[in-house]
Structure formats: C-alpha cells, structure tokens
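Colleague: Residue numbers (numbering that gives the first Met the number 0): 0 to 133.
You may find that some hints are simply not true.
Simulated crosslink set (DSS-like; lysine-lysine; CA at most 27 Å straight-line) [what the hints assert, rightly or not]:
1. K118 <-> K78
2. K11 <-> K26
3. K26 <-> K108
4. K26 <-> K78
The calculated label-pair distances, taken between Cβ atoms and stated as ranges, are [unchecked claim]:
5. E91 <-> Q117: 16 to 22 Å
6. F4 <-> T114: 16 to 22 Å
7. K101 <-> S6: 41 to 47 Å
8. D83 <-> D62: 32 to 38 Å
9. E116 <-> Q29: 15 to 21 Å
10. N27 <-> Q117: 18 to 24 Å
Think of the hints as simulated: they come from the structure by calculation, not from any bench. This one's a predicted model, so the numbers in the text were calculated from it and none came from an experiment. We put the CB at the ideal spot given by N, CA and C, even for glycine.
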Amino acid sequence: MTFAFDSLQQEKVWRIIEQVNDAWLNKNYQPLESLLHENMQIVDADLNVLGDGRDACIRSYRDFVENANIGDFEVSDPKVNAFDQTAIAEYEFSIQYTMQEKHYGEKGKDVFVLTFEQKHWQAIWRMMQSVESE
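Sequences and hints are given; from them, build the entire structure.
Modeller: Okay, structure coming up:
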C-alpha cells in the first residue's frame with residue numbers, strides 16, 4: 000500500500016520502515032544489516048528490552064518468522080516526524096499467524112526511532128505495542 004507524506008524526508012524514512020517489514024516478512028534478513036543501526040533496540044510497551052543490538056534484533060525477527068506461519072500483515076495510519084538526524088515513525092498493524100498449530104490475531108502499534116548517519120537512515124529503536132489479541 001502506498002502512503003502520501005508531506006516531505007521527501009518523511010517519504011525516505013517511511014521507505015526504511017517498509018524495507019524492514021519487507022525483509023522479515025520475506026525471510027530475507029540480509030537487508031536488515033544496513034537498515035538497522037548497530038545499537039538497535041526492540042522494546043515492548045512496558046519498555047522491557049526484547050532485543051539489544053542489531054544482531055539480537057535480527058535474531059528476534061528471524062526467530063518469530065521461522066516459528067510462525069504468517070497469513071496476513073497489514074499496516075495502516077502511518078505517521079512520520081523527521082528532525083535533522085532523528086525521525087520517529089509509527090503505524091498501526093494487524094497480523095494473523097499460526098504458531099505451534101494455534102492461530103493468533105493481533106492489532107497494535109509499532110513506533111520506530113531512526114537516526115541519519117553517514118548519509119542514510121537506520122532504525123535504532125522500536126517499540127511494539129499490542130492493543131488487541133485474538
């Protein structure tokens with residue numbers, strides 16, 4: 000799905016988020032090496048650290064995707080704010096998946112913080128917030 004933003008900088012930031020999601024959804028983890036900052040962290044809604052460092056975060060994506068059969072993943076209502084070398088991107092998501100023969104459906108929000116270093120954007124922090132589970 001294509002979303003419209005007010006500035007080219009916002010579009011560039013959003014494209015990074017799309018590339019991150021495309022990478023893990025397609026089990027193509029190599030692009031995450033350049034899309035995620037070496038100090039990347041993934042946290043839950045209570046700010047508990049789920050992944051600390053790029054390698055741990057990639058492993059987190061890989062562990063989920065390798066153990067789940069994803070039926071559907073949709074993104075809606077994206078928002079991007081960019082300020083010099085820092086950007087915040089958020090969106091709502093819904094995901095349907097099966098894991099260990101049990102079906103799950105979740106709706107929630109992802110919030111990413113990105114940093115602009117060496118002429119490109121990288122995700123450095125992600126908060127996952129599940130607001131509804133089936």
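Colleague: All hints, please: hold or fail.
Modeller: Do the hints match the structure? See the list:
1. For a cut-off of 27 Å, the pair hint linking K118 to K78 stands: about 22 Å separates their Cα positions.
2. The straight-line distance between the Cα atoms of K11 and K26 is roughly 23 Å, inside the 27 Å bound, and the hint therefore holds.
3. Taking the CA atoms of K26 and K108, the gap is about 22 Å. The hint holds against a cut of 27 Å.
4. Of the pairs offered as hints, the one joining K26 and K78 holds, with about 26 Å between alpha carbons and a cut-off of 27 Å not exceeded.
5. Between E91 and Q117, the C-beta spacing of about 31 Å breaks the proposed range 16 to 22 Å.
6. Under the hint 16 to 22 Å, the C-beta atoms of F4 and T114, about 19 Å apart, fit the expected range.
7. Taken as a hint, the range 41 to 47 Å holds for the pair K101 and S6, whose Cβ atoms sit roughly 43 Å apart.
8. A hinted range of 32 to 38 Å for the beta carbons of D83 and D62 is consistent with their spacing of about 34 Å.
9. In this structure, E116 and Q29 meet the distance hint of 15 to 21 Å, their C-beta atoms being roughly 20 Å apart.
10. Take N27 and Q117: their Cβ atoms lie about 23 Å apart, and the range 18 to 24 Å holds.
Consistency note: the structure conflicts with earlier hint 5 alone.
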